[in-house]
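Number of protein chains: 2
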Amino acid sequence: MTDQLHRGAAPDAARLDAADPLADRRALFHLPEGLIYLDGNSLGPLPKGVAERVAATVSTEWGGSLIRGWNAHGWMDLPDRVGDRIGRLIGAAPGSVTVGDSTSVNLFKALAAAVAMRPERAVILSDDGNFPTDLYMAEGLNGLRGRGRLKLVPRAEIAEAIDADTAVVMLTEVDYRTGHKADMAAVTAKAHAAGAVMVWDLAHSTGAFPVDLTASGAEFAVGCGYKYLNGGPGAPAFLYVRPDLAGEAVPALSGWLGHAAPFAFEPAYRPAEGAARMRVGTPPILSLSALDAALDAFEGVDMALVREKSVALAELFISEVARLAPMGSLTLVSPPAAARGSQVSYRHAQGYAVMQALIAEGVIGDFRAPDVMRFGFAPLYLRFTDVAEAALRLADILSSGRWDRPAFHARAKVT
Amino acid sequence: MTDQLHRGAAPDAARLDAADPLADRRALFHLPEGLIYLDGNSLGPLPKGVAERVAATVSTEWGGSLIRGWNAHGWMDLPDRVGDRIGRLIGAAPGSVTVGDSTSVNLFKALAAAVAMRPERAVILSDDGNFPTDLYMAEGLNGLRGRGRLKLVPRAEIAEAIDADTAVVMLTEVDYRTGHKADMAAVTAKAHAAGAVMVWDLAHSTGAFPVDLTASGAEFAVGCGYKYLNGGPGAPAFLYVRPDLAGEAVPALSGWLGHAAPFAFEPAYRPAEGAARMRVGTPPILSLSALDAALDAFEGVDMALVREKSVALAELFISEVARLAPMGSLTLVSPPAAARGSQVSYRHAQGYAVMQALIAEGVIGDFRAPDVMRFGFAPLYLRFTDVAEAALRLADILSSGRWDRPAFHARAKVT
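Each protein sequence line maps, in turn, to chains A and B.
Quick note, the first sequence lines up with residues 1 to 415 if you use our numbering.
Quick note, the second sequence lines up with residues 416 to 830 if you use our numbering.
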């Protein structure tokens with residue numbers, strides 16, 4: 001379909017693959033033949049071993065042990081064991097991360113605990129382009145409390161907007177539309193200098209590059225299990241509580257499994273120590289098992305190498321798109337590498353249709369309203385040759401106008 | 416080990432099995448050979464078809480379709496489709512039940528919406544023997560709101576305790592320790608007569624006997640996916656919102672998937688219609704698939720027959736225990752059938768050790784502190800002969816004193 005010889009193949013993609021220290025990781029994933037998957041920032045692919053682990057959890061553990069599984073297979077501690085594995089990727093000490101519930105619910109827990117630490121201050125500060133559920137959850141919390149105010153400013157103005165009335169700064173490290181990566185250490189320091197509590201959403205960070213929560217000093221963080229961690233659709237999310245808050249962070253969703261002694265069935269709530277106090281209900285064992293097995297792909301991986309490859313993949317994509325595509329209709333909205341997460345986004349007035357055409361031709365990215373096409377670069381399974389080919393196909397679709405067909409304009413329920 | 420001839424077998428268990436209209440359902444479950452499972456009220460066994468469905472969801476849907484699974488496999492509507500299937504078992508209209516999150520989190524949502532309907536009243540009323548997480552979650556909600564009071568009275572005094580300051584009556588239909596089954600219609604009517612909002616916890620009801628939420632007029636209900644519904648360890652829970660509240664119940668956990676247009680990414684929250692507004696984060700597809708497949712076992716089942724068999728199983732157990740066991744140390748704490756759910760409980764000063772001995776001999780029930788032994792009767796897979804044999808073994812363990820060994824006194828982490 002495309003005359004690759006005429007336009008020229010990407011100059012050094014194959015050489016980059018040959019020199020890639022993470023190249024062996026690709027074999028740890030099931031990747032449909034012929035598909036180039038640039039949407040691991042939305043739903044990671046299926047890692048090998050997950051199907052087998054889930055099958056064993058269902059048939060052997062649940063089917064065979066029944067209720068005895070809680071003790072026999074260590075189900076009760078699974079949220080904290082998986083939390084410790086995620087903790088290694090985000091610079092969190094053992095015992096400071098627990099896994100369960102959705103990202104939204106975990107954000108609510110973190111925010112509720114954070115505002116309780118600054119009762120005299122009114123404002124939860126965030127950026128007006130934050131992922132909507134974060135803003136909605138903050139709204140809901142303020143509504144419940146009957147006080148507090150969600151103040152939104154443009155992302156670039158967050159640091160200056162922190163003041164003496166700021167109770168909590170709530171920020172997503174990587175912007176879901178543009179891929180802009182905030183300076184975690186600097187924003188946290190600014191928040192602390194003003195006496196505010198810091199809550200990070202690491203949805204687009206965890207597993208994509210090294211995060212150092214401990215060094216940042218942030219009080220709370222949440223993140224997602226199904227993006228770069230590849231835990232499966234709707235995988236459990238996680239919550240980080242800074243270790244020195246282990247005995248004081250208030251769990252607003254004070255469920256029995258956050259109790260210090262769940263099986264004593266005491267009439268009054270008494271929180272456990274550490275992040276475990278943020279547990280609420282019975283842990284979702286099937287999906288926790290999937291996530292636990294998925295994390296095997298990160299075992300022994302140096303996250304600095306992951307970052308290095310992520311940047312190189314994205315740079316190759318950007319340069320190839322610039323070289324091959326008609327750029328008139330396409331606007332790169334992601335910042336330069338130093339201030340970028342692991343995705344590259346372009347605005348295009350017909351971005352939805354262009355993305356559908358690209359998907360139809362075997363390159364999966366996604367679309368975020370109103371006009372953003374996103375391409376995610378997950379270094380564990382993507383090759384440089386994949387990225388170069390994706391850029392080529394995008395350029396070809398744009399040049400040919402093949403995206404402008406009725407089928408590609410019809411909006412699906414989920415975008 | 417037991418001289419059955421001497422004591423006499425249960426008089427008519429085999430005959431009851433032969434006449435059981437639900438007898439064919441047992442074949443729909445994987446039940447470990449030789450085990451008598453009387454703990455389906457804590458964790459239901461693995462239904463056939465679940466392993467296959469989960470495997471397909473993991474490998475074919477997630478592994479093969481990746482992000483396209485949200486549209487291709489209807490993942491996004493799964494919480495509501497599964498909700499409608501549960502709705503049939505609890506007398507709830509289509510669209511009034513959604514599935515996701517834990518029972519505790521759903522209770523929080525229901526309670527928060529309920530108290531918002533009575534802002535001028537201070538009290539959440541419950542019984543002092545309610546399952547602790549329900550009480551803890553109410554405590555947490557009041558703490559967040561900075562107002563409201565949790566008033567606890569003995570279960571028998573709930574109806575009289577409802578007064579003009581009662582905002583919400585929160586009750587678990589079946590008491591987790593005693594198995595006492597409240598009169599849902601009467602308590603709800605009493606709550607409404609006093610102007611209070613009713614929230615039912617159906618954890619030990621759903622799938623065990625018919626519930627008629629519509630007839631009761633209750634505003635909210637929550638329940639559990641892993642007990643009598645057999646959805647697997649930590650299965651998603653459900654939440655019912657009375658249909659006429661579809662446009663007004665306030666979602667305090669206002670997440671993006673409860674938004675009227677999640678993929679419009681609007682900056683302000685705008686709830687969906689119906690129970691769907693109580694959705695929060697991304698639905699847990701693996702565990703929802705397991706629960707969906709598990710519900711096949713209820714397909715076409717008349718819940719009135721389930722109740723009839725549940726009562727007959729429990730009555731047989733009680734009469735056999737009374738006939739065979741040394742009753743001096745054992746106190747039946749469950750009420751007569753009309754006021755009982757689908758479990759039978761006994762107090763025994765050494766209940767923990769007795770239960771461990773019984774489990775070691777192949778009959779699984781469970782223990783609830785401080786001294787209650789629970790036996791659950793799930794009519795879809797239990798036989799009358801199982802129940803008679805369980806009573807015989809319990810009697811034998813008590814008579815012989817075989818429970819009084821050090822190994823049986825050592826407390827496990829999870830009881």
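You may find that some hints are simply not true.
What the hints assert, rightly or not - If you want the ones that stay clear, here's a sample from chain A, every Cβ over 10 angstroms from chain B, calculated:
1. 12
2. 69
3. 153
4. 232
5. 244
6. 302
7. 359
8. 366
9. 368
Said to hold, decoys possible - No more than 35 angstroms apart at the CA atoms, straight line, and that leaves these computed lysine-lysine pairs for DSBU-like:
10. A/413 / A/190
11. B/566 / B/605
12. A/48 / B/828
13. A/413 / A/48
14. A/48 / B/605
15. A/413 / B/605
16. B/566 / B/828
17. B/463 / B/828
18. A/151 / A/190
In case anyone wonders, no lab produced these hints; they're calculated from the structure.
These numbers were taken from a predicted model, which means no experiment stands behind them.
Ideal placement from N, C-alpha and C gives every residue a C-beta, glycine not left out.
Of all the hints numbered above, which does this structure not satisfy? Sort the numbers upward.
Violated hints: 2, 4, 7, 8, 9, 10, 14, 15; rest satisfied.
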